[in-house]
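> Spelled out from the first residue to the last, the chains are:
2 protein chains.
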Amino acid sequence: MEHISKKNIDSMEKIFRLNLINSCTGYKSANLIGSRSDNGIENLAVFSSITHLGSNPSLLGFVVRPTIVPRDTYSNIVSNKFFTVNHINSDDIEDAHHTSARYPAKVSEFEMTKFESEYLKNFPAPFVKSSNIKLACEFLNEYHIKENDTVLIVAKINDIFYRKEYIENDGWLRLDKAKTVAINGLDGYALPKLIERYKYAKPKKNE
Amino acid sequence: MEHISKKNIDSMEKIFRLNLINSCTGYKSANLIGSRSDNGIENLAVFSSITHLGSNPSLLGFVVRPTIVPRDTYSNIVSNKFFTVNHINSDDIEDAHHTSARYPAKVSEFEMTKFESEYLKNFPAPFVKSSNIKLACEFLNEYHIKENDTVLIVAKINDIFYRKEYIENDGWLRLDKAKTVAINGLDGYALPKLIERYKYAKPKKNE
Chain A
1 MEHISKKNID SMEKIFRLNL INSCTGYKSA NLIGSRSDNG IENLAVFSSI THLGSNPSLL
61 GFVVRPTIVP RDTYSNIVSN KFFTVNHINS DDIEDAHHTS ARYPAKVSEF EMTKFESEYL
121 KNFPAPFVKS SNIKLACEFL NEYHIKENDT VLIVAKINDI FYRKEYIEND GWLRLDKAKT
181 VAINGLDGYA LPKLIERYKY AKPKKNE
Chain B
1 MEHISKKNID SMEKIFRLNL INSCTGYKSA NLIGSRSDNG IENLAVFSSI THLGSNPSLL
61 GFVVRPTIVP RDTYSNIVSN KFFTVNHINS DDIEDAHHTS ARYPAKVSEF EMTKFESEYL
121 KNFPAPFVKS SNIKLACEFL NEYHIKENDT VLIVAKINDI FYRKEYIEND GWLRLDKAKT
181 VAINGLDGYA LPKLIERYKY AKPKKNE
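In order, the protein sequence lines correspond to chains A and B.
Going left to right, the first sequence walks through residues 1 to 207 as the numbering used here numbers them.
Going left to right, the second sequence walks through residues 1 to 207 as the numbering used here numbers them.
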């Protein structure tokens, strides 16, 4: 096997390190966060760090860098509390990736991409119409990660929207039926296919 | 679309909520964490919350529940500082899932599964021999998430091991070449295939 040491990583060329470190932890979730500014401008941005935090209460977390522009998503969420999380499906990856372009705050990514916003059940933040699984979320707290000056956002999952054919009897959403993608590194989009679902693991008896 | 409201989620049957909330945020990374106790017992456990935190310094994060047994991984990492992160590949999913069975701390999951431990470059924690991408990590800090009494572990990625055929010229590891899987919910294992890799997104000029 090839080996890259701590010393190699620390002295590495910046783009090489960005690609390597972003891809070495495995696949990441692929979501678009929809939010609105105080002036009513809709914002849409791709995030690969959204992660399950717990199911009771129903919580998710994601990481932002508030010290680096563009930080529209962060400021919208902290000031307005409500935002949406929209799964990216395989038909939408090119436009989803384009939301990472650095537009000024007054430009809505909904205008610069094919995505259409929609408002559901009076929730104050925009959803992505073409997304197959969508969450209405509420900001709860933020934790400053001092090791690299990032912030972990903790939010409550309030509402879930999905098509009936994705869900199984025990509440599990089968993501490959929704064509939800996964992210490899900063810029690779991959389509997973279910191999197997296992039962709750119990210890083997010693023979 | 189907709609599940906040009220539905809060009053839902426990297992249904576990499956729904664990699957609604998208795919998760699939890794085995290898660690060692003070008594030298090797521990191996599947984790789906490992996420990229930043590339300079090279950091990852993951979530643990130290208040709930089994917590062997957590106590080993906090007391011994060093642990490994090993990608799960599609040939190993059944045994990887079995590491979630609740064995007593004195039982090593390496003995109860087909996985073999190996020690590389004098690193003090065990790697998984059959894993195709492996990280040597060092505990840096922990943050208590008070909203659900979990802990975010922040760690430095010190060393990376991989096969040469996975890496591209710009440092990007192509995960489908390593047969790395992604996790859907608590117990679904999916194999992704790369669709496309995009360039750094730049704003479109207004016409």
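To be clear, the hints were calculated from the coordinates, so they are not data collected in a lab.
Misleading hints may appear alongside valid ones.
Short derived list, chain A residues pointing at chain B, Cβ under 8 Å [unchecked claim]: (1) Ile41; (2) Ala101; (3) Ile133; (4) Tyr189.
In silico DMTMM-like cross-links for lysine to aspartate or glutamate, where the CA-CA straight-line distance does not exceed 20 Å [unchecked claim]: (5) B:Lys179 x A:Glu147; (6) A:Lys199 x B:Asp176; (7) B:Lys179 x A:Asp187; (8) B:Lys199 x A:Glu147; (9) B:Lys121 x A:Glu165; (10) A:Lys199 x B:Glu116; (11) B:Lys205 x A:Glu2; (12) A:Lys121 x B:Asp10; (13) A:Lys129 x A:Glu42; (14) A:Lys193 x B:Glu196; (15) A:Lys193 x B:Asp176; (16) A:Lys156 x B:Glu13; (17) B:Lys177 x B:Glu196; (18) B:Lys14 x A:Glu168; (19) A:Lys106 x A:Asp38; (20) B:Lys199 x A:Glu168; (21) B:Lys156 x A:Glu168; (22) B:Lys204 x A:Asp187; (23) B:Lys7 x A:Glu2; (24) A:Lys179 x A:Glu165; (25) A:Lys146 x B:Glu138; (26) A:Lys204 x B:Glu13; (27) A:Lys6 x B:Asp187; (28) A:Lys81 x B:Glu2; (29) B:Lys193 x A:Asp176; (30) B:Lys164 x A:Glu165; (31) A:Lys177 x B:Glu13; (32) A:Lys7 x B:Glu138; (33) B:Lys121 x A:Asp10; (34) A:Lys177 x B:Glu2; (35) B:Lys202 x A:Glu94; (36) B:Lys6 x A:Glu42; (37) A:Lys205 x B:Asp176; (38) B:Lys179 x A:Glu196; (39) A:Lys179 x B:Asp187; (40) B:Lys146 x A:Glu138.
None of these values were measured; they are calculated from a predicted model.
Glycine included, each C-beta is placed from N, C-alpha and C at the ideal position.
> For each hint, tell me whether it holds in the structure or not.
Comparing the hints with the structure gives:
1. With a cut of 8 Å, the hint placing Ile41 of chain A at the interface with chain B is violated, because the nearest CB-to-CB distance is about 15 Å.
2. The interface hint given for Ala101 of chain A is met, as the beta carbon of that residue sits about 4 Å from the closest beta carbon of chain B, less than 8 Å.
3. The beta carbon of Ile133 of chain A is positioned within 8 Å of a beta carbon in chain B (closest approach about 6 Å), and the interface hint is therefore held.
4. A cut of 8 Å between beta carbons decides the hint on Tyr189 of chain A: the least distance to chain B is about 5 Å, and the hint holds.
5. Between the alpha carbons of Lys179 of chain B and Glu147 of chain A the distance comes to roughly 32 Å, so the proposed pair goes past 20 Å and is violated.
6. A threshold of 20 Å between alpha carbons decides the hint, and for Lys199 of chain A with Asp176 of chain B the separation of about 25 Å lies outside it, so the pair is violated.
7. As the CA atoms of Lys179 of chain B and Asp187 of chain A are separated by approximately 18 Å, the hinted pair is consistent with the 20 Å bound.
8. A distance of roughly 29 Å separates the Cα atoms of Lys199 of chain B and Glu147 of chain A; the hinted pair therefore is violated under the 20 Å criterion.
9. Between Lys121 of chain B and Glu165 of chain A the alpha-carbon distance is near 49 Å, which puts this suggested pair outside the 20 Å criterion.
10. For the suggested pair Lys199 of chain A and Glu116 of chain B, the alpha carbons sit about 23 Å apart, so the restraint of at most 20 Å is broken.
11. Between Lys205 of chain B and Glu2 of chain A the CA atoms are separated by roughly 43 Å; this puts the pair beyond 20 Å, and the hint is violated.
12. Distance restraint check for Lys121 of chain A and Asp10 of chain B: the Cα-Cα separation of roughly 18 Å lies within the 20 Å cut-off, and the hinted pair is therefore satisfied.
13. Straight-line distance between C-alpha atoms of Lys129 of chain A and Glu42 of chain A comes to about 14 Å, which keeps the hinted pair within the 20 Å bound.
14. As the CA atoms of Lys193 of chain A and Glu196 of chain B are separated by approximately 16 Å, the hinted pair is consistent with the 20 Å bound.
15. This hinted pair checks out: Lys193 of chain A and Asp176 of chain B have alpha carbons roughly 12 Å apart, not beyond 20 Å.
16. A C-alpha spacing of about 18 Å is found between Lys156 of chain A and Glu13 of chain B, which places the hinted pair at or below 20 Å, so the restraint holds.
17. Of the pairs offered as hints, the one joining Lys177 of chain B and Glu196 of chain B holds, with about 14 Å between alpha carbons and a cut-off of 20 Å not exceeded.
18. Proposed proximity of Lys14 of chain B and Glu168 of chain A is supported: the alpha carbons are some 15 Å apart, at most 20 Å.
19. Between Lys106 of chain A and Asp38 of chain A the alpha-carbon distance is near 11 Å, which keeps this suggested pair within the 20 Å criterion.
20. Restraint check: the Cα-Cα separation between Lys199 of chain B and Glu168 of chain A comes to about 37 Å, which exceeds 20 Å; the hinted pair is violated.
21. Among the hinted pairs, Lys156 of chain B with Glu168 of chain A is inconsistent with the structure: their alpha-carbon atoms are about 38 Å apart, more than 20 Å.
22. For the proposed pair Lys204 of chain B and Asp187 of chain A, the alpha carbon gap of about 18 Å is at most 20 Å, so the pair holds.
23. Taking the CA atoms of Lys7 of chain B and Glu2 of chain A, the gap is about 51 Å. The hint is violated against a cut of 20 Å.
24. Restraint check for Lys179 of chain A and Glu165 of chain A: the C-alpha separation of about 12 Å stays at or below 20 Å, so the hint holds.
25. The suggested pairing of Lys146 of chain A with Glu138 of chain B holds, with an alpha-carbon distance near 16 Å, which does not exceed 20 Å.
26. As the CA atoms of Lys204 of chain A and Glu13 of chain B are separated by approximately 28 Å, the hinted pair breaks the 20 Å bound.
27. Restraint check for Lys6 of chain A and Asp187 of chain B: the C-alpha separation of about 34 Å exceeds 20 Å, so the hint is violated.
28. Our distance criterion of 20 Å between C-alpha atoms is broken by Lys81 of chain A and Glu2 of chain B, whose separation comes to about 24 Å.
29. A threshold of 20 Å between alpha carbons decides the hint, and for Lys193 of chain B with Asp176 of chain A the separation of about 12 Å falls inside it, so the pair holds.
30. Taking the CA atoms of Lys164 of chain B and Glu165 of chain A, the gap is near 41 Å; set against the 20 Å cutoff, the hint is violated.
31. Restraint check for Lys177 of chain A and Glu13 of chain B: not satisfied, since their Cα atoms lie roughly 24 Å apart, outside the 20 Å limit.
32. For the proposed pair Lys7 of chain A and Glu138 of chain B, the alpha carbon gap of about 14 Å is at most 20 Å, so the pair holds.
33. Between Lys121 of chain B and Asp10 of chain A the alpha-carbon distance is near 18 Å, which keeps this suggested pair within the 20 Å criterion.
34. Distance hint between Lys177 of chain A and Glu2 of chain B is fulfilled; the C-alpha atoms sit about 15 Å from each other, no more than 20 Å.
35. About 13 Å separates the Cα atoms of Lys202 of chain B and Glu94 of chain A, which keeps this hinted pair within 20 Å; it holds.
36. Among the hinted pairs, Lys6 of chain B with Glu42 of chain A is inconsistent with the structure: their alpha-carbon atoms are about 24 Å apart, more than 20 Å.
37. Among the hinted pairs, Lys205 of chain A with Asp176 of chain B is inconsistent with the structure: their alpha-carbon atoms are about 35 Å apart, more than 20 Å.
38. Simply put, Lys179 of chain B and Glu196 of chain A have alpha-carbon atoms about 15 Å apart, close enough for the 20 Å limit, and the pair holds.
39. A C-alpha spacing of about 18 Å is found between Lys179 of chain A and Asp187 of chain B, which places the hinted pair at or below 20 Å, so the restraint holds.
40. Taken as a hint, the Lys146 of chain B and Glu138 of chain A pair is honoured in the structure, with Cα atoms around 16 Å apart against an allowance of 20 Å.
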